[in-house]
Each structure stands twice: as structure tokens, then as C-alpha cells.
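> With the hints as extra help, turn the sequences into a complete structure.
Listed in order, the protein sequences are those of chains A and B. Residue numbers for the first sequence, in the UniProt record's numbering: 1 to 339. Residue numbers for the second sequence, in the UniProt record's numbering: 1 to 539.
Calculated directly from the structure, the hints in this document are not laboratory data. Accuracy of the hints is not assured; some may be wrong.
[Stated by the list, open to error] Below, a sample of chain B positions facing chain A; criterion: calculated Cβ distance under 8 Å: (1) L13; (2) A19; (3) D26; (4) L60; (5) R64; (6) E67; (7) S73; (8) Y76; (9) L86; (10) G241; (11) A244; (12) R417; (13) S423.
[As the list claims (entries may be wrong)] Within a straight-line C-alpha distance of at most 30 Å, the following computed DSSO-like cross-link-like pairs (lysine-lysine) qualify: (14) K161/A with K151/B; (15) K2/B with K198/A; (16) K395/B with K161/A.
Keep in mind that this is a model prediction, so the values were computed, not measured. In this text, a Cβ means the ideal position worked out from N, Cα and C, and glycines have one as well.
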Amino acid sequence: MSSKMNTDNLLFPTPEGLYCPIGDFHIDPVRPVQRALITHGHSDHARAGHGAVLASRETLEIMRIRMGEGFCRTEQVAMPGETIDIAGVRVSFHPAGHVLGSCQIRVEHAGTRIVASGDYKRSLDPTCAAFEPVACDVFITEATFGLPVFRHPDPLGEIRKLLASLAQFPDRTHFVGAYALGKAQRVIALLRQAGYDKPVYMHGALVRLCEFYQAEGIDLGELRVAVEEEKADFRGAVVVGPPSAFSGVWMRRFADPLPAFASGWMMVRQRARQRGVELPLVISDHCDWPELTATIRDIMPGEVWVTHGREEALVRWCELQGIAARPLHLVGYEDEGDA
Amino acid sequence: MKAFSTLLDRLVLTPGRNAKLKLLTDYFRTVPDPDRGYALAAIAGTLDVPHVKPKMLRELVLERMDEVLFRYSYDYVGDLAETISLVWDNEQDPPERLSEPSLGSVIESLNGAGRTAVRGLVRDLLNALDPSGRYAFLKLATGAMRVGVSKRLAVQALAALGERDANEIEALWHGLSPPYRSLFDWIEGRADRPELKSPAIFHPVMLANPVEEGDLDDLDPSHYAAEWKWDGIRIQLTRKGSLARIFSRSGEDISASFPDVLDAITFEGTVDGELLVGGTFRSNGAARPFSDLQQRLNRKGVTARTMEEFPAFVRAYDLLFAGNEDMRPAPFLERRQALQHVIGAADPLRFDLSPLVGFNSWDELDRLRSAPPDPVIEGVMLKKLDSAYQAGRMKGPWFKWKRDPHNIDAVLIYAQRGHGKRSSFYSDFTFGVWTEGPEGDQLVPVGKAYFGFTDEELKVLDRFVRNNTVDRFGPVRVLKATKEEGFVVEVAFEGLNRSNRHKSGVAMRFPRISRLRTDKRPADADRLETLKAMLPRAE
Numbered sequence: 001m002s003s004k005m006n007t008d009n010l011l012f013p014t015p016e017g018l019y020c021p022i023g024d025f026h027i028d029p030v031r032p033v034q035r036a037l038i039t040h041g042h043s044d045h046a047r048a049g050h051g052a053v054l055a056s057r058e059t060l061e062i063m064r065i066r067m068g069e070g071f072c073r074t075e076q077v078a079m080p081g082e083t084i085d086i087a088g089v090r091v092s093f094h095p096a097g098h099v100l101g102s103c104q105i106r107v108e109h110a111g112t113r114i115v116a117s118g119d120y121k122r123s124l125d126p127t128c129a130a131f132e133p134v135a136c137d138v139f140i141t142e143a144t145f146g147l148p149v150f151r152h153p154d155p156l157g158e159i160r161k162l163l164a165s166l167a168q169f170p171d172r173t174h175f176v177g178a179y180a181l182g183k184a185q186r187v188i189a190l191l192r193q194a195g196y197d198k199p200v201y202m203h204g205a206l207v208r209l210c211e212f213y214q215a216e217g218i219d220l221g222e223l224r225v226a227v228e229e230e231k232a233d234f235r236g237a238v239v240v241g242p243p244s245a246f247s248g249v250w251m252r253r254f255a256d257p258l259p260a261f262a263s264g265w266m267m268v269r270q271r272a273r274q275r276g277v278e279l280p281l282v283i284s285d286h287c288d289w290p291e292l293t294a295t296i297r298d299i300m301p302g303e304v305w306v307t308h309g310r311e312e313a314l315v316r317w318c319e320l321q322g323i324a325a326r327p328l329h330l331v332g333y334e335d336e337g338d339a
Numbered sequence: 001m002k003a004f005s006t007l008l009d010r011l012v013l014t015p016g017r018n019a020k021l022k023l024l025t026d027y028f029r030t031v032p033d034p035d036r037g038y039a040l041a042a043i044a045g046t047l048d049v050p051h052v053k054p055k056m057l058r059e060l061v062l063e064r065m066d067e068v069l070f071r072y073s074y075d076y077v078g079d080l081a082e083t084i085s086l087v088w089d090n091e092q093d094p095p096e097r098l099s100e101p102s103l104g105s106v107i108e109s110l111n112g113a114g115r116t117a118v119r120g121l122v123r124d125l126l127n128a129l130d131p132s133g134r135y136a137f138l139k140l141a142t143g144a145m146r147v148g149v150s151k152r153l154a155v156q157a158l159a160a161l162g163e164r165d166a167n168e169i170e171a172l173w174h175g176l177s178p179p180y181r182s183l184f185d186w187i188e189g190r191a192d193r194p195e196l197k198s199p200a201i202f203h204p205v206m207l208a209n210p211v212e213e214g215d216l217d218d219l220d221p222s223h224y225a226a227e228w229k230w231d232g233i234r235i236q237l238t239r240k241g242s243l244a245r246i247f248s249r250s251g252e253d254i255s256a257s258f259p260d261v262l263d264a265i266t267f268e269g270t271v272d273g274e275l276l277v278g279g280t281f282r283s284n285g286a287a288r289p290f291s292d293l294q295q296r297l298n299r300k301g302v303t304a305r306t307m308e309e310f311p312a313f314v315r316a317y318d319l320l321f322a323g324n325e326d327m328r329p330a331p332f333l334e335r336r337q338a339l340q341h342v343i344g345a346a347d348p349l350r351f352d353l354s355p356l357v358g359f360n361s362w363d364e365l366d367r368l369r370s371a372p373p374d375p376v377i378e379g380v381m382l383k384k385l386d387s388a389y390q391a392g393r394m395k396g397p398w399f400k401w402k403r404d405p406h407n408i409d410a411v412l413i414y415a416q417r418g419h420g421k422r423s424s425f426y427s428d429f430t431f432g433v434w435t436e437g438p439e440g441d442q443l444v445p446v447g448k449a450y451f452g453f454t455d456e457e458l459k460v461l462d463r464f465v466r467n468n469t470v471d472r473f474g475p476v477r478v479l480k481a482t483k484e485e486g487f488v489v490e491v492a493f494e495g496l497n498r499s500n501r502h503k504s505g506v507a508m509r510f511p512r513i514s515r516l517r518t519d520k521r522p523a524d525a526d527r528l529e530t531l532k533a534m535l536p537r538a539e
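Structure follows, in C-alpha cells:
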């Protein structure tokens, strides 16, 4: 068991993000730094302009797709499970089950092990490698859905709701709002898993990421772009697009659209109502409450640090279980867009 | 329960009327009795179950979870039933039965349970249901079901089930009780029309169309009677034996709010009229403005003091039943004569007859309509002398001819996105007029409107919002609105009340955006003083 002194010296929050002074690197920094270790490709974790970037091969590819060549000066691939030495600090990447390429980062020095999990989930997702529990002294967990109200249902059951609605309203375009990286591909993969074999239309913002997923061997079936000029008949079609397209002029081309939204937030009715969602689909790429608490029980770390989300409830739960825990106040991470 | 909770989840979030109808009709078609009948009652608010107190629900949930974690959860969700439906962990106490209870069995067991058994029953049900089922059950059990479905819509969904007439269903429905097996049997053609046990039922009312340009040109004024259109609420009174009822225009039983009127219904039959506050003609009294009537509306009970300060009475328009005799097929004049007789014998403090307005030409009536003799008149009604009393809104037999609506020019201040079809447009607007502030003239909000404009005009408004947003608060956009820059609209409204709740001190009734005034500068918009001058005089 490490002392609090050791762990705090190894990794602590700074305005740029989580910082390791011994190895002189940041994890998921929100501002440009010399050396960045990136857990996954969501824009609040992966930003352009760093010196050196260490991340999984898939995350580096995703960053290139989203930010273009030259998103950093030098890049290095972290192979899953491989240990890399950075100025005496031993670093390794392990699957986090969040989106394609997402990893937890394990940082070890002088016998003290900290795992920064980034964003993660435990439920089955055919579009990315599953979360691996990694033994550690300190487990840094997200708490996006860190309240007992979040118990996400079986995602396939949610997709069946979409299919039922398509059968009931065959003339309405079913527009599914889904974050461009990870959620959109998962929704499409789930549709295929549920036996939906018609073409799925996608917003232009999704094209390159979907192509990348397919190139990585994830079968998404036939995809078509919902092109602006084309006056195609979208009646009864499924169109997947980023949530921001809900309020944009892009939506107007569809006949009597039925807005659906794939997100863990859809658990709470008021959230759906505020966004004008008619068909909420509770599909999350973050842990729900039972997964968060089960993960902490699985790993049984000496201490839990809780970041972005509803820290206080998870800290309270740890207290009740006799596990040391505290909130870690990191700034700059969205708690909504990608959930 | 699953089908019912799924229906509720969809209805709550579905803004479109046709989509709602489809959801309801599909549900009624696929779900067996008695579940669908109970669902109908739950949605339409006619279901009577013993209410479960929030305090007990809170105790039940705290048996199984930490109070602090519950508080965090409740703070976040903001609705007790929804919070409990989500945090309830049935893994702790796995249900004995594997199959989900049906809606019918849930309601029957609630009704059958004694006071002491309720707690255990609620716990068992929460264990046996999924989160959406728990939510539906808790809303039922706390009597807080709100799904945005009017009775009329529910009736239309029923009508679509077996091609029956919605008015006929509505008339029957009010005399039957959940789970309405005989009603469904009849609608679906398996049985005869059900016989009603309780005769004091609501009969769908006859409605009028507004007079539009050219409507009267080919009509002979001598074929019509005119009456003032009083600014109260349209109601129906009915009495059969010892049972008397007061229904709103939509069939809602509002008897409990008006015991003063209810007790005065001594005649047998059914009368159509306007509920007003103030004194009858027969007692040399005067009707008071709508804002006074509002003191009596939407209240479960009423105090003696309120009844004294705001006495209610009925100004009778029509007679549907005289005793047992159905007067509806009779012509207007004949019904009117019979009504005169009934009202003449009724309590003069609570009932009077809506007077007829004499006129010889449409022009003359137009003049009368524009300058009525009483401030509580909002126009005239035209009724064809030989017309029968027919439920619904037919064009021809009855017209309403309102005073011209009030108009002002106002400046758009805030905008929000609409719902459903309009979710990609900024279509909900808050507008204001000028008033003297500490630093010169400022805009004060006087109302909100989200219709009145055409689709083309909506595009213009939407474009303005997108290009002229100066700030945002959550979903609300703050628009550019200075003396020189901004968007002026003409707002039409039906009336104006004093209001302590609004900063401006006035509240509009039925405001809508009647014209876009792109020809006007914001500086040309109206002032609050102009609006205040339109307020009805204080007593």
C-alpha cells in the first residue's frame, strides 16, 4: 500500500490536465503540452497541438481523421499491455471498452501504481475491445453517470424500440442523434445485430469515422450519405447524425422527422423533453452506476479518485464501503456531448 | 404493464396529434380487456385508485438505500416518482413471480388492498416491474398522471378503433365506468350499445364557427337569432333525480368547484350555458370580468368566503333535455321557449336567460358587435332559427362573431426552439413593449406566442433569430432588440388581465403573432401605457 504522499507526487491535476512531474507528461491535457498520453479520441480528451503524443494505434488514427495530419509533432503507438519507460516511470495502456482504441493508462513508479481509466464502460460492445480490470493502488474513475438513478438497460432492447417505432410509423424519417465517434457506429452495429438490413443513412460528419471503423473490421452493413442536394425519399429510413444536427437546418429536408437520441442521459425523462426527443434510446458508452460500483469492487484499489461527473455520490458510496476516495477536480471535460 | 408503460413513455414525448392518435389506437387494438379500459381511464383521468402518499414511497425506498445517495438522486432528477423508479434496486429482493403483473391486476390489487396491506403491495409491485413500469405505476398510485392527452383525443382514438362516431362514444363514455368492457365490445361490434346506469351524464356540446370574410353574404338575417357572447366558461348543467352535475365544455366534471350553482339546480334536464361570476340580470346584478371567474376555476374545493366574494351564476343558452324529453332535434326557437320556462322557474340569483339581440341587417349587427353594452361581452353568436342541437362544430347553423381582437406592435426579445415538426425552427417567442426605466426606455416582456404566422413567415423569423442572437440562457436565445435594431411583430390577443405575476403587470389571453412588421423600427413599437389603457376598468 502506498502512502498518500507518494501517489500525490506521482500524478496530480494541473490546469492543463493530469500531470506526472517525474515523467514530465500529461494525461489527456486540455491545453497544448510537450508530451501527452491520450486515453481515447473524443475531442475533450484528444486535442491538437501537443509536442509528442503516446496513444493506441486506433486513437492516433482517429486523431488524424478528426484533426488532420500534423495534429502533433511526433507520435508513438502504445501497444495494449506493453510497458513503456518514460524517465523512469513505467507506463502501459489497457483496453477501456469506451470506444474503438480507448485505453486506461497505468502509471507506475517506485512501487506505486495509478490507473487513469479515462472514460470506460463494462457492458458488451462489439465495436471495441472490452475493459480489463488492472490492479492498482489508486484507481482514477470517471463519474459521468455516477448516480444510482443511472441503470442503463440492455442496448439491444433499446434498438428494438427503434425498430418497433419504424414499424408503427413507416412514413416518418427516424433521425437518431448519436455522437460521431463511437456511439454512431455502435448504434449502427446494434441495428445490424437486431437484424435490420436496409441501408442506414448518415450525416456527412460521420462518414470518415464510419469508414475507419469498417476498415478496422467492424461490420456496419450498407451505409449511405444523406446528401444535401439529393431530394431522396427518406420516409421510413434511419438517419444517424450528430446531436447538433437536431437544431440545425440540416434536419429540415426530412419528411416529418421523428427525433430519437442515443445517450445514457435519456434515462431521465426531463432530459429527453428538454432536447425535443420523441424516442429516447438509452445507449451509453460510459459505465452506469452498477458498473461503476462493480468495477471498484473488482479492482479493490487502495484509493479511488473520482473525476468528471457526479463525484460526490460515488465518493459517498466508497465511504459507505470503507474505501478511501476523494474527488479530483479536473476542468475542461464535457459531461454530456459524448455520453 | 409493459404495453401501458411503453405507451406512456411515448405519449409524454410525442408532440404531434396524429402520432398520438396512432399510438393510442394501436394500443387499444392490441391490448386485451380489462387492461386497455384501465389505461383509457388512467390517461383520461377517470380512474379512481386509493392514493399512495409520497411519504410512504420515500420510506420504502430508504429501506433499501442510503439517504444521502437518495437525496443526490432526487436533486438531480427532480421528480419523486421518476427518482424512485430509477433508483429502485430489485436485485436486492428478487420478485417471486417471473411474469410482469398486468395493468388490470395492478389496479385491482390496489383497490382491494386494505390500508395496512398497501405498503407491502407497493413494495412487491416495485420489485416486479422494470423502471418504466415502476414510473407508470407510481404516477398512477400518486394520482399524477399527465401525458398530454385530452379526453377528446382519447375518444377519437376509440372512434378510430371501430368506425364509431366520436360524439356518440363521448356521450356514452361519461355514463360508464372503467374498465369500459361494454364500450369496447360495442365499438368493436361484438355487442349492442351499452345501457347507461347513471343518467346524469355529459352530452357533447354544439360549437360555432367564426364568421369569416364573405360567410354572411348569402345568408338571410331573418333566419338567424343573435345573442351576446359572454366572456365566462361554457358549461353544461344536468340533473336527473337526486344527481346533479356541472360539466365543462370538454366534459370534465367541475361540480366540486361550484357548489353554489350545483345546489341551485332544482329542475330536471340538461342546460347549456355560460358560467359567470357576479350577479344575474334577474337580481339586477352584473357579470364580472373573466379574471374574477378565474378565482373560482381549477380548485378542488371552495371556501365560503370565496363563494361570497366571487358568487357564480349561469346564463342559460340552450336546453338539451327537458326532464326526460330529448329536445336536441327540436328547432332553436322551440328549445328557447322551453328554456325560458325552465329558467323562469329556477333560482333568480343563480340563473338567468341569455338575452336575444334584435337586428335587421348584418351591418346593424356588426355595429352592435363592435360596441357591446357590457364589458363582459366578447361578441355575438348567430343561431339559425330552425337548427337542431348537433354535437360538434358544423358550418352554417351557428356562428360566433367576436369583437375585433386587440392588436399591438411589439418587439421580439427571446426565442426558443419549437417541438416536433418545428424542432429545427425558432418558433416560440417572447415579445415586449417599451416602458420608462431607470436608464431611459426599456423593453418589458408582455407575452409569449408560438403561432399565428405562416410557414413562410416562420422561416423569416427563424433566420432573424439565428443571425441576431446576442446571448443564450440554456435553450433560450436573447435577441438583438434596441430602438434601432430588432424585429417588430403585430400581436393579436383576445383580452387583457391585470397580473401580479408578470413584471409588466398585464397578462394577455390567447396572444398570437398576426403580422410581421418588417416595415417598422423597434422604436415604433407600442408602449406599456397603451396596453394598460386596454385593461378592463377596475371595479
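> Under the criterion that the straight-line Cα-Cα distance not exceed 30 Å, is the pair K2/B, K198/A satisfied?
holds (28 Å)
> Using Cβ atoms only, decide whether L13/B comes closer than 8 Å to chain A, and label the hint accordingly.
Constraint on L13/B satisfied, holds at 5 Å.
> Does K161/A lie within 30 Å of K395/B when you go C-alpha to C-alpha?
Not satisfied, since the Cα-Cα distance of roughly 43 Å exceeds 30 Å.
> Taking the least C-beta to C-beta distance, is G241/B closer than 8 Å to chain A?
Constraint on G241/B not satisfied, violated at 45 Å.
> Would you check whether R417/B satisfies its interface hint, that is, whether its CB is within less than 8 Å of any CB in chain A?
holds (6 Å)
> A19/B was flagged as interface toward chain A. Is the shortest Cβ-Cβ separation under 8 Å?
holds (7 Å)
> Taking 8 Å as the limit, does the beta-carbon of S73/B come near enough to a beta-carbon in chain A?
holds (5 Å)
> Less than 8 Å between beta-carbons is the criterion; does L86/B satisfy it with respect to chain A?
holds (4 Å)
> Regarding the hint that A244/B lies at the interface with chain A, is the smallest CB-CB distance below 8 Å?
violated (40 Å)
> Mind checking the CB of D26/B against every CB in chain A and telling me if the closest is under 8 Å?
holds (6 Å)
> Interface hint check: E67/B, Cβ to nearest Cβ on chain A, cutoff 8 Å. Holds or violated?
violated (10 Å)
> Interface hint check: Y76/B, Cβ to nearest Cβ on chain A, cutoff 8 Å. Holds or violated?
Where the cut-off is 8 Å and the nearest Cβ of chain A is about 6 Å from Y76/B, the hint holds.
Of the numbered hints stated above, those contradicted by the structure are hints 4, 5, 6, 10, 11, 16, listed in ascending order.
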